[in-house]
Amino acid sequence: MAAAVFMAVACDDSMMGGGSNNGKDDNDPDSPGNVDDTTPLTPEENRAKLEQIGLDAINMATPDKQVDLLKAIDKFYEYISEYNLDFRGDFEDSGSSYRRINPIQPVDALMKAAKAFANTGNPYVLSKAVIEDSYIYEASRVYGIYEFTGSEWEYTASDSELTFVFPCEGKEITATVSGSGKEYSYSFEDEYYNRYNGHYDENGNWVGDSDHYIDHITITVPARIEASITSDSESLLSLEVEGEYNEGSRVEQTLSLVAGSYDVDMSLEITNSRISQNFTFDIDGTRFLSTEVSASGTGLCSADSYENNIEDMFSDANVKVSVLDLNVVAESNGNISSFISDYTDMENNAYDWEDDPSKWESDSDLPPTWASEDYITDLCDLINSNFTVTASYGSRDPFADFTAKPMYANDLDFYDSYYDEDYGHNTGSIHEFSGYETSFIIKFRDDGAEYEIVDFFNEDDYASVVDAAESLAERYEYYLNYMFNY
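Counting from 1, one number per residue, gives the positions in the sequence shown under our numbering.
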């Protein structure tokens, strides 16, 4: 909740239905919005400002404006789940485990995850959308027009686009993806094992049977990708992605996405010496979120560097995240590669597997031993010596700094993921336990007051934000349950 509140800020109460007066109450001289820009805010004034921030952000995040898009996606999933959709049959090379794109697979994985979330209310199930066996390799091989007639999908050949046409609440939905320009290919091998009839020993090694596979994968990406979803003549979504992908020397990409009142733009540039990424997210014409990421180093455009040399390739990194008028900036104080190396060494020694009652046994319902207090203390020291994290409003100087510190918690979660042989995909479960974790202290520059994040952003002081967030979650739950109730 602290992260949600602190990453959501607003000085414009137009989100709440008022005018653009930077949150001022003209009848209250003590209103935080009326404090002169050169006057530092006290912790209590910051608390009031951040509470308004959270309320404004929650009101902007309403799902109402995307209901038509969500319904169209849901209806598409219903039709492909209940009616056979035959694609062209050249998805696999004879004698090879190389799998090309099935355009339904990513949608199917995402919708199953969303349905599981609607049924359980557990956000961890959304991770299945990431780890599900879904690949996008060479979209042009499945180009064609697929129209749902009410009882089946009819296919019409096309060499220029992949289009789905289907009805939804009396309107015709058309979803189209096409690529153009130079094609860039990248090939690699994916090695993995299918383990069965066994268990992990006390050292974490598999004892039992296993099958060894090597996938020879080629990803082909066109220079320009365009996608759209329309309902009759109304645009529900439009997406344009354009890039230059020269692995080993330079990667450039721009993205533009418009979905209802949402407008997202992203630019990315990677060379061997620098990474630069900018991202903006506008809602109803108001800048809701923006990020700026930069990093310097060597070999940053080489895939081999990330696999074999990541501990030596970065020299510095900076991240700035702005939500409405709040800026949170993290800057590296030293060599990032040194930090990665030290962190990796610490991580390798964080757990005492010999004392772990579960020992990663496949039939155990216990989580592995959590990191010790000494480990978390050393980790906090490592973070504080390598990074400076500050918060500010607009163009004003920072009003607070953040430092890491150990904290004992009784409500930690551990998610154990494993491959389910019966269902053929990764799954897992959540375990609750107690242990040490990294927390953060917020220190205000004006008077030096310090608060632990969980204390400063407590439920009592931010009751209105908590209530609004719970109400928003209930609205999303309603829409998810509504969509998946067929």
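Since the hints were derived computationally from the structure, they do not count as laboratory data. Among these hints, one or two may not hold up.
[Unchecked claim] Subject to a maximum C-alpha distance of 20 Å in a straight line, what follows is the list of computed PhoX-like cross-link-like pairs (lysine-lysine):
hint: 1; residue 1: Lys182; residue 2: Lys71
hint: 2; residue 1: Lys112; residue 2: Lys71
hint: 3; residue 1: Lys75; residue 2: Lys182
hint: 4; residue 1: Lys171; residue 2: Lys65
hint: 5; residue 1: Lys75; residue 2: Lys112
hint: 6; residue 1: Lys171; residue 2: Lys320
Unmet hints by their number, sorted upward, for this structure: Of the numbered hints, 1, 3 and 6 do not hold.
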